[in-house]
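Using the hints, position chain P against chain Z.
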Amino acid sequence: MWRSSAKGESVPIYNDMDLDAIEERAGPRAFSPADELPREYREAATRMIEFHANSEIMGAYLERPFIRQAPSIDRKLAFSAKTQDEIGHAQLLYRAAETLGVKSREEMLDDLANGDGKFLNCFHYPLESWVEVPMISFFVDGAAMRRQATLRRTSWEPYAHAMDKVCFEEGFHVKHGEDILTELMTGSRKERRLTQAAFEEWWPRIIQFFGPTDDDSTHHDFAAAVGLKQQSNDELRDAFLDQYIPKARKHGLEIPDEPRIRERDDGTYAVEEDDLDWDEFFTIAKNEYEPGVGQIDERKRAREAVGWVRDALEDDAVAADGTAPQAAD
Amino acid sequence: MIWEVFRQEKAGGYHAHCGNVHAPDREMARQFAAIQHGRRKPTNSLWVVPREEIGEIGADEVAFGGTTDKIYRWATAYNTTAGDASEVVESEDEQATAERRRGDDR
Chain Z
1 MWRSSAKGES VPIYNDMDLD AIEERAGPRA FSPADELPRE YREAATRMIE FHANSEIMGA
61 YLERPFIRQA PSIDRKLAFS AKTQDEIGHA QLLYRAAETL GVKSREEMLD DLANGDGKFL
121 NCFHYPLESW VEVPMISFFV DGAAMRRQAT LRRTSWEPYA HAMDKVCFEE GFHVKHGEDI
181 LTELMTGSRK ERRLTQAAFE EWWPRIIQFF GPTDDDSTHH DFAAAVGLKQ QSNDELRDAF
241 LDQYIPKARK HGLEIPDEPR IRERDDGTYA VEEDDLDWDE FFTIAKNEYE PGVGQIDERK
301 RAREAVGWVR DALEDDAVAA DGTAPQAAD
Chain P
1 MIWEVFRQEK AGGYHAHCGN VHAPDREMAR QFAAIQHGRR KPTNSLWVVP REEIGEIGAD
61 EVAFGGTTDK IYRWATAYNT TAGDASEVVE SEDEQATAER RRGDDR
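Chains Z and P are the protein sequences, given in the same order.
Residue numbering for the first sequence follows the working numbering, beginning at 1 and increasing consecutively.
Residue numbering for the second sequence follows the working numbering, beginning at 1 and increasing consecutively.
In case anyone wonders, no lab produced these hints; they're calculated from the structure.
There may be inaccurate statements among the hints.
Take a look, some chain P residues computed to stay more than 12 Å from chain Z by CB distance [what the hints assert, rightly or not]:
| no. | residue |
| --- | --- |
| 1 | E4 |
| 2 | H17 |
| 3 | D25 |
| 4 | A34 |
| 5 | Q36 |
| 6 | R39 |
| 7 | D60 |
| 8 | A63 |
| 9 | V88 |
| 10 | V89 |
List time: in silico BS3-like cross-link candidates among lysine-lysine, alpha-carbon distance up to 25 Å [as the list claims (entries may be wrong)]:
| no. | chain 1 | residue 1 | chain 2 | residue 2 |
| --- | --- | --- | --- | --- |
| 11 | Z | K300 | Z | K190 |
| 12 | Z | K76 | Z | K165 |
| 13 | P | K41 | P | K70 |
| 14 | Z | K190 | Z | K250 |
| 15 | Z | K165 | P | K10 |
| 16 | Z | K118 | Z | K250 |
| 17 | Z | K76 | P | K10 |
| 18 | Z | K118 | Z | K165 |
| 19 | Z | K247 | P | K10 |
The beta carbon of each residue, even a glycine, is placed where N, CA and C say it ideally should be.
So here's chain Z without its partners, still in its complex pose (with noise of 0.2 Å):
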């Protein structure tokens, strides 16, 4: 069963399958394109999925600057595949979206542009120098695959396969932000000061990655029982923290006195949520904090300076096979 969206492109529909039998089934990959799936879940599934990708796109265009930026050949190169690798995310999780037939992927990008679309809390802050590239690639990065690697298990199989081959890929990713932190904290004085400096900045950002504490997450109990998510927020910040605070020291990063972090007895570490900028947080994640709606504006008009491109693309298909190219295919 098809729908036309608001784009006038094919949307696959599909009937209602009662709830109670989606949280029995769901288990890790449960669920292809194949099952009757209610709209709670595409929903759920379509949002979660939907900030991940925009999540790529809007951290890829934080870091573009700095292929430019790059202090030697060496980083340029790693640097560009790895922005080329986040834009390929993008593309994978945005076919894994628009499969659940809830919205298609012209609306998605549509929303991200005029400034409906939701991403990561980290992406809306400004990335100015160099010695905050290793907190993006590998704090952030790091955070990012944690989490991305419980998500091999979603109950989404188009996502779960997508989260393969991003897993893959950002391997990369980490050991490279790592390679850079290593050459900053083992560079001069200067830039370790610096580099400290940016890592006090971006700490508490970084925690706040893994979204708000479990009993403020509103949707984390829906996406839990149907399989969608693995792990709660606070059982991936603990295992974050627990994996990243020794890295960092190991670095001679100094953990800051805020947010406070408590060591357990067992040697695993929690941060005190209250230390945390709760009011900052809420208001990037209705795009209304200042830096980041300028990235997001900026973001619209480069996909807009390229629209010819697409244009091009799409032309050459119709040409070519006297068809128009469907946005399902």
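The following block gives chain P in isolation, referenced to the frame of chain Z:
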């Protein structure tokens, strides 16, 4: 008409090419595929695709992965501190395996 057949062994897995069938239409292709390719090997689902709908690009037309040294694209190119997160180690292992199979590790 030839239909290429792709088998998925278990729910959630990938559909991998496993052969083809000769059939006059999609419905018959589905039935023949089930009989020819779904009887013995573990099968959860089969896809049938008209052969002429499949586009192909081969190693004689394009250098897959390019012709220049792109070592910087691999996690294995970076020596960082020990104690990587398990998911980073897993990714690096997958990349090391892919490199070996491509013959790029020499």
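Structure-inconsistent hints, enumerated in ascending order = 9, 10, 11, 13, 16, 17, 19
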